[in-house]
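Those sequence lines, one after another, are chains H and A.
If you read the first sequence in numbering that gives the first Met the number 0, its first letter stands for residue 0, the second for the next number, and so on.
If you read the second sequence in numbering that gives the first Met the number 0, its first letter stands for residue 0, the second for the next number, and so on.
Any given hint might turn out to be false.
Label pairs and their computed distance ranges (CB to CB) [to be verified]:
#1 45(H) with 209(A): 50 to 60 angstroms
#2 254(H) with 167(A): 17 to 27 angstroms
#3 192(A) with 35(H): 54 to 64 angstroms
#4 107(A) with 52(H): 15 to 25 angstroms
#5 59(H) with 17(A): 53 to 63 angstroms
#6 231(A) with 276(H): 34 to 44 angstroms
FYI, nobody ran anything at the bench for these hints, they're computed from the structure.
Positions of the beta carbon are idealized from the N, C-alpha and C atoms, including for glycine.
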Amino acid sequence: MGSVTATVAPPTNSNVTRSIRTFGAIARSGFRRYATYRQAAVAGVVTNTVFGFLRYYIFLAAAGAAGRVAGYDREQLATFVWVGQGLLAVIAIWGWTELADRIRTGEIAADLLRPVHPVTSYLATDVGRAGYAALSRLVPPVLIGLFLFDVYLPHRGATLPLFVLSVVLAVVICFGCRYLVNATAYWLQDVRGPLILWTLCSGVLAGLYFPLGFLPGWLEALLRYGTPFPSLLQIPLDVLVERQPAPVQLGLVGVQAGWAVVLLALCRLVQRRAELRLVVQGG
Amino acid sequence: MSVIEMSGLRKEFTVRVKAGRLRREKRTVTAVDGIDLRVERGEMLGYIGPNGAGKSTTLKMLTGVLMPSPGEARVCGLRPVAERTRLAMRIGVVFGQRSQLWWDLPLRDSFELLRHVYRVPAGEHGARLARCRGLLDLDEFLDTPVRQLSLGQRMRGELTAALLHGPEVLFLDEPTIGLDVVSKQAVRGFLAELGRAGDTTLVLTTHDLADIERLCHRLVVIDHGRVVHDGSIAALHSRYGSRRMVVAELDAALPRPPELPGAPLQRVEADGHRLVFALESATVAEVVAGLAGLATLRDIAIVEPDIEEVVARLYRMTAEAGGATVTGAP
Ligand SMILES: Nc1ncnc2c1ncn2[C@@H]1O[C@H](COP(=O)(O)OP(=O)(O)OP(=O)(O)O)[C@@H](O)[C@H]1O
Ligand SMILES: [Mg+2]
Numbered sequence: 000m001g002s003v004t005a006t007v008a009p010p011t012n013s014n015v016t017r018s019i020r021t022f023g024a025i026a027r028s029g030f031r032r033y034a035t036y037r038q039a040a041v042a043g044v045v046t047n048t049v050f051g052f053l054r055y056y057i058f059l060a061a062a063g064a065a066g067r068v069a070g071y072d073r074e075q076l077a078t079f080v081w082v083g084q085g086l087l088a089v090i091a092i093w094g095w096t097e098l099a100d101r102i103r104t105g106e107i108a109a110d111l112l113r114p115v116h117p118v119t120s121y122l123a124t125d126v127g128r129a130g131y132a133a134l135s136r137l138v139p140p141v142l143i144g145l146f147l148f149d150v151y152l153p154h155r156g157a158t159l160p161l162f163v164l165s166v167v168l169a170v171v172i173c174f175g176c177r178y179l180v181n182a183t184a185y186w187l188q189d190v191r192g193p194l195i196l197w198t199l200c201s202g203v204l205a206g207l208y209f210p211l212g213f214l215p216g217w218l219e220a221l222l223r224y225g226t227p228f229p230s231l232l233q234i235p236l237d238v239l240v241e242r243q244p245a246p247v248q249l250g251l252v253g254v255q256a257g258w259a260v261v262l263l264a265l266c267r268l269v270q271r272r273a274e275l276r277l278v279v280q281g282g
Numbered sequence: 000m001s002v003i004e005m006s007g008l009r010k011e012f013t014v015r016v017k018a019g020r021l022r023r024e025k026r027t028v029t030a031v032d033g034i035d036l037r038v039e040r041g042e043m044l045g046y047i048g049p050n051g052a053g054k055s056t057t058l059k060m061l062t063g064v065l066m067p068s069p070g071e072a073r074v075c076g077l078r079p080v081a082e083r084t085r086l087a088m089r090i091g092v093v094f095g096q097r098s099q100l101w102w103d104l105p106l107r108d109s110f111e112l113l114r115h116v117y118r119v120p121a122g123e124h125g126a127r128l129a130r131c132r133g134l135l136d137l138d139e140f141l142d143t144p145v146r147q148l149s150l151g152q153r154m155r156g157e158l159t160a161a162l163l164h165g166p167e168v169l170f171l172d173e174p175t176i177g178l179d180v181v182s183k184q185a186v187r188g189f190l191a192e193l194g195r196a197g198d199t200t201l202v203l204t205t206h207d208l209a210d211i212e213r214l215c216h217r218l219v220v221i222d223h224g225r226v227v228h229d230g231s232i233a234a235l236h237s238r239y240g241s242r243r244m245v246v247a248e249l250d251a252a253l254p255r256p257p258e259l260p261g262a263p264l265q266r267v268e269a270d271g272h273r274l275v276f277a278l279e280s281a282t283v284a285e286v287v288a289g290l291a292g293l294a295t296l297r298d299i300a301i302v303e304p305d306i307e308e309v310v311a312r313l314y315r316m317t318a319e320a321g322g323a324t325v326t327g328a329p
């Protein structure tokens with residue numbers, strides 16, 4: 000029998016590496032799982048491209064004759080739009096209902112029967128999914144932007160690594176939000192309500208429909224620190240187009256890191272609450 | 000210490016039922032109604048009961064995916080819900096009704112992923128997989144995505160997946176449901192082999208009693224969430240008076256039904272050409288000798304007591320005796 004003290008002992012080095020290895024294996028399988036849906040990826044790219052043109056010309060109209068709006072020039076707007084179209088798929092902002100479906104059908108039982116915390120294993124799968132999306136869904140719109148438009152390319156050396164970190168955090172934050180929205184299925188028969196609310200809020204407040212710079216400064220700040228939405232798209236894209244000075248951008252990514260930690264903790268809390276009352280259906 | 004201990008294990012579900020046009024009433028359904036049971040290491044336990052008896056509910060509580068209402072359960076000394084992740088390392092579970100494999104991945108990749116999830120050393124994992132491949136004939140569909148597998152193929156995959164980490168306890172909820180004869184035999188043979196090794200404890204739920212006959216020495220029958228029988232299959236037969244039968248084929252029908260001491264006549268079939276006697280205190284030889292004096296015997300057959308028969312009788316008896324399990328809540 001494993002003694003109780005074994006569980007409170009500090010994790011040994013090998014324990015950590017084994018956890019990382021498990022995480023990596025689940026992420027790789029997530030990559031492979033999503034890679035089986037090639038047609039879906041193609042359809043997604045086409046849709047994203049069409050809406051990319053739409054958004055670009057609307058933003059351009061907003062910029063008007065001056066060619067500047069809310070601190071973005073034309074080239075920055077082009078980058079904002081075309082990289083943003085790709086990022087939508089990388090963070091998988093909409094359309095993920097796997098967890099809610101599995102809760103509803105009772106398939107969640109299979110996840111609970113594994114020796115890995117469900118939040119951890121779903122996160123790992125999502126990281127793998129995001130990796131596949133980065134190859135299949137991010138690259139095409141970026142290429143379109145590069146070849147067809149004058150896009151803004153970062154000038155500072157630190158921008159690109161910071162952007163990558165910012166995107167990784169955005170993936171984690173978006174995962175956390177989606178997990179929480181899906182987890183309402185533990186309490187509700189029908190999760191369409193929370194899903195619609197999420198779709199609406201994330202679209203408007205993440206900087207997708209318009210860059211949040213269009214809003215008054217105090218409101219943008221309120222959204223940024225008070226909600227996780229700007230961390231999904233606005234912050235990574237601002238980092239890429241170098242809208243703020245480097246130290247400020249570092250701070251923004253720090254805000255993202257804070258949101259990632261808060262959301263993951265919240266996911267675990269909600270999951271624990273849910274398990275106490277969970278009724279696995281069927282059988 | 001017992002591998003599995005249940006004391007006063009209960010589960011009540013609260014359901015809302017329509018009562019009138021708008022009103023909805025809360026009702027409590029007692030799915031498991033106070034089960035006390037101990038299972039020792041290496042035991043092969045058949046856990047059966049009629050539909051809705053509470054078998055799956057018990058298994059869900061023992062595997063930690065369902066919180067018991069009151070009552071306690073320990074599996075491998077752990078509390079299933081509170082210590083679920085640790086318990087998961089030590090048990091294997093197959094719910095025949097649903098898949099635990101990854102729908103989009105080939106079986107081979109699922110198994111490889113499980114190796115990492117359960118942190119099994121590669122050598123151990125490989126040895127177990129090789130054994131399962133041999134015994135369950137996995138090779139021809141190892142590279143097929145799970146969603147394309149037939150039910151029987153998938154079930155063999157599920158069993159393998161449940162065993163790759165070398166669990167101490169195996170919970171199987173209807174693992175042979177929907178399988179053809181050959182697949183069933185493969186699964187049974189595989190489990191029998193596992194049982195012979197003697198270090199894995201098995202809890203098996205099934206409606207195919209041949210599974211039980213073939214595999215389990217101990218049989219627990221539950222109904223309305225309560226244990227109604229706990230013992231060997233032989234004990235069940237003797238308790239419910241199932242007897243061996245002698246079926247005699249006669250050349251010609253007898254004018255009146257024969258009376259043999261210790262072997263009451265059960266049925267007369269085929270226009271009196273076939274007589275069926277139950278063996279109570281008489282031996283087969285005595286029945287044959289008694290009949291030979293009365294008629295010309297063409298053929299004689301001895302039928303072992305039928306498990307389906309005795310279990311059906313048990314289910315019917317408990318259904319008549321069993322009270323309603325649905326009670327209105329205040
Ligand atoms: N989620 C639930 N909500 C309400 N009642 C439930 C729920 N799950 C099971 N029950 C009830 O509990 C009882 C036991 O169900 P359970 O699934 O354990 O039966 P079982 O013995 O596995 O039956 P079967 O042989 O049909 O699989 C049934 O009366 C069922 O209606
Ligand atoms: Mg069942």
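Which hints, by number, does the structure contradict?
-> 2, 3, 4
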